[in-house]
Amino acid sequence: MTDYAISLHHLHKQFGSKVVLDDVNFDIAPGTIVGYIGPNGAGKSTTVKIVLGLLDADSGSVELFGKSIDVRTGEYKRRIGYVPEGADVFNALTAREYLQLVGQLYGMDAELAGTRAEKLAAIVGLGEALDRRLVSYSKGMRQLVLIIASLVHNPDILFWDEPLNGLDANAVLLVEQILRELRSRGKTIFYSSHIMDVVQKLSDRIILLNGGTVVADGPFAELNRDADTSLQELFNAMTGYSEHGQRARAFADELMGITADAPATEGGDGDE
Amino acid sequence: MAMSSEVLPQVMQFLDKNARRISKLGINYQQYRLIVQTKFALASRDHVGLGFNTQKKAGSGNHDLRNSFLLYLFFGVLIGLFLLIPLPHLFALSTVFATIFVMVFLTMLTSYSSLMLDPRDRPLFVARGVSERTLSAARLTVVGFYLLLNVIAIGLPSVVALVVHYGPVAVIGGAVALLLLGLFSFMLALFVYLLVLRFFDGERLKNILNMVQIVMVVGIYLAGQVLPHMADALGALGHVQAGYYLLALPSWFAGPVLLTAGDFNLLNVLLTVLAFGVTIALTVLFWHNSSRFEQYLAKLDQSSDAPRHDGWYVRFCRKLFTRGDEERGYFDFAWRVLREERDFKLRVYPQLAYSLIIPVVFLVTMGDDGASLHSLLQSIGRGGAYALLMFNLALPVAIYNLGFSSQPEAMRLFQRVPLRHDGRFLRACMKVLFARLILPLCLPLVVIFALIGGLQTLIAGIGVLLSLYGITLLMGRSMVHTHLPFSQLFDASNQKGTSSMMGVMLLIIPVDMGLMFLGAFLHSWILAGIVLVVGALMALGSTRMFDRGVVFNVRAVESSEH
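Residue numbers (the numbering used here), protein chains in the order written: chain P, 1 to 272; chain Y, 1 to 562.
No wet-lab data here; the hints were simulated from the structure.
Heads up, a few of these hints could be off.
To be verified - Taking lysine to any residue and the SDA-like style, the derived pairs with C-alpha atoms no more than 20 Å apart in a straight line are:
id : chain 1 : residue 1 : chain 2 : residue 2
1  : Y       : Lys206    : Y       : Leu443
2  : Y       : Lys319    : Y       : Leu443
3  : Y       : Lys206    : Y       : Leu346
4  : Y       : Lys24     : P       : Phe251
5  : P       : Lys139    : Y       : Leu346
6  : P       : Lys139    : Y       : Lys206
7  : P       : Lys139    : Y       : Pro123
8  : P       : Lys18     : P       : Thr213
9  : P       : Lys139    : Y       : Leu466
10 : P       : Lys139    : Y       : Ala410
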């Protein structure tokens with residue numbers, strides 16, 4: 001029997017009367033990049049929080065490598081690396097201190113955590129800034145620190161939410177290549193993003209969540225019957241969003257002061 | 001760890017010696033130790049002393065702690081002196097413990113709330129395998145340590161002073177009572193957080209904490225002003241019924257002191273039982289609910305989804321004070337920013353309370369018959385309206401703090417979308433200050449004073465209110481130069497502009513006091529009429545001062561991430 005890296009069985013979660021996850025099921029083999037996508041409020045963050053023990057599921061189970069996760073001990077979390085979206089860091093710490101702290105929380109020896117953090121930081125171009133406080137870091141630098149923090153303990157599974165936020169084009173290329181490299185070495189990556197081009201480029205498998213339910217699951221090539229359709233267009237179609245053209249026209253009309261009957265005018269509004 | 005030089009080594013050694021005991025409580029000691037170290041280092045770098053954020057100097061680390069300790073020790077000595085006064089024992093001890101309780105509880109709710117309620121903790125620690133129990137224990141340890149130093153600094157002089165009237169054995173009872181009071185304050189504050197987060201969201205909790213801070217600071221001001229005038233009443237309080245002491249929480253901690261001083265009676269035994277029993281019960285209850293506390297903390301960053309509507313008062317003020325869409329827009333903007341700025345309220349509202357206390361004290365003492373109701377009514381009838389002038393004492397502080405906000409970089413909006421009329425924006429801000437700070441307090445007082453003093457008082461009161469409006473605009477125009485409102489980050493250690501603020505305040509006090517006395521003694525129809533005319537002229541004239549000459553330097557907007 002194959003030990004899937006991660007398995008969700010009939011996962012259900014609701015907040016009050018609002019159902020956020022409704023009978024979510026999937027199994028992910030090791031060495032896969034999964035594009036975990038969906039509109040805002042679809043349940044993506046809730047799924048990740050349940051896996052990480054930050055929320056309790058109402059019913060259903062989560063397994064990592066064939067074993068149910070034990071939220072009480074938290075030991076399974078050592079096999080997971082997490083980049084949350086828009087994370088706050090302790091600004092008063094230096095990057096080295098923050099990465100060392102994270103490494104130690106995962107059970108690493110302090111010196112090993114520090115050495116590895118230093119080497120990883122040097123590779124991504126943060127070497128010289130490692131001993132500066134995080135408060136002085138740009139958005140992109142902080143994001144790189146968060147990425148290193150998710151990897152310093154060499155986890156088997158990664159949950160990355162909008163990991164490319166704030167990164168320049170070179171850093172984006174580097175991070176994409178790192179992901180491919182990690183995948184080829186057996187890591188399992190849950191990649192969540194609203195930038196469909198990148199998701200399409202990187203993912204071996206797409207899981208599209210909408211209204212708490214999995215509405216699409218499979219490689220992009222299988223989901224996309226028409227060779228010319230992009231993931232963006234597939235996303236729109238599967239989430240039932242097709243009025244973007246109409247809305248864009250209405251938006252511009254409103255801006256230009258055009259009603260249904262009046263003709264379009266040129267020039268912007270000035271002071272009258 | 002690299003930051004170990006900032007971590008208190010003695011504390012870490014103590015914890016290491018008790019590692020086994022700590023582990024038996026279901027806590028992962030290695031993770032716990034790591035988090036405690038990190039939190040101490042963070043507190044040191046954020047210059048958290050014992051409740052005061054001190055000067056930011058490189059490497060000042062533990063000096064902040066020492067300086068705060070000495071400052072609190074000084075307060076403790078002042079409190080302890082009270083025990084040297086020959087007063088009924090239970091009353092004296094209750095007063096001292098009440099004062100200590102207020103100071104410790106306030107510190108817990110204000111300075112240490114950020115340590116206890118850090119929303120970054122769960123995503124960082126719990127997501128990486130730290131149990132909620134371990135995280136909670138680490139946080140409690142750090143806050144508990146600072147609180148313990150706080151309690152010792154404030155309470156030790158009082159404990160030592162016990163030897164004078166209560167005997168040396170009572171010092172032991174006092175020390176036990178003090179530590180118990182500290183623990184009680186700690187647990188009570190945690191329960192406040194737990195209860196509020198159980199039923200409300202983080203936004204509501206922050207508002208409530210803000211309100212508690214303000215009420216307590218105002219209470220301390222009030223006590224400082226009112227108590228000295230109540231010498232007779234204080235003596236009478238010594239004969240308060242025993243039952244009242246059972247209801248007054250801080251009085252419970254007088255029980256152990258009195259028992260060890262040899263004063264053995266049913267009341268003291270009951271007080272002691274309450275002190276020990278309730279404190280232990282709270283501690284056990286919290287320990288059993290600590291993991292729930294951690295989960296509720298996830299609500300810290302949440303705020304209500306309910307749409308917000310403008311209340312009748314803001315609609316009324318908008319209609320009363322603004323003309324034209326532009327001014328209305330600036331008025332609404334300034335109103336909404338000030339509604340959310342908690343630090344502004346914390347710095348300004350106590351000063352506002354102070355400006356209310358001074359006229360009250362003036363009116364109480366001005367009467368012919370001393371501090372009696374008849375005398376008070378007489379004073380109000382004669383001089384109540386003029387006493388309201390003291391409200392402008394709050395204006396320099398309010399105008400100074402108008403320059404700051406928690407998100408100054410948001411004002412960069414005005415770099416992209418230029419202010420069409422800087423002067424009108426400033427005027428709108430001043431009108432908001434008047435409408436939010438002065439008018440809600442002054443207008444009801446004018447009505448109340450008029451009911452007591454008649455039409456003359458009403459005319460004078462309206463005149464003073466109009467004058468206050470004019471003074472608000474005038475002060476704003478003269479104090480605010482090129483700094484755009486809400487565009488700077490408040491830094492307690494770098495207070496440029498406070499000298500001009502202090503200068504204005506020093507000028508206001510004698511002028512207002514003089515006018516107050518003059519008005520009270522010369523009160524007549526003619527004077528009331530003059531005040532009304534002068535007030536109207538000031539109100540009308542001051543609005544014109546913003547038409548020219550106000551230019552903000554929008555490039556100088558600061559960032560909260562520096």
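Status of each hint after checking the structure:
1. Y:Lys206 to Y:Leu443: 29 Å, violated
2. Y:Lys319 to Y:Leu443: Within the cut-off at roughly 17 Å; holds.
3. Y:Lys206 to Y:Leu346: Holds - the C-alpha atoms of Leu346 (chain Y) and Lys206 (chain Y) are around 12 Å apart, at most 20 Å.
4. Y:Lys24 to P:Phe251: 63 Å, violated
5. P:Lys139 to Y:Leu346: 31 Å, violated
6. P:Lys139 to Y:Lys206: 27 Å, violated
7. P:Lys139 to Y:Pro123: 19 Å, holds
8. P:Lys18 to P:Thr213: 13 Å, holds
9. P:Lys139 to Y:Leu466: With a Cα-Cα distance of about 50 Å, the restraint between Lys139 (chain P) and Leu466 (chain Y) is violated, given a limit of 20 Å.
10. P:Lys139 to Y:Ala410: 17 Å, holds
Consistency with the previously given hints fails for numbers 1, 4, 5, 6 and 9, ordered from lowest to highest.
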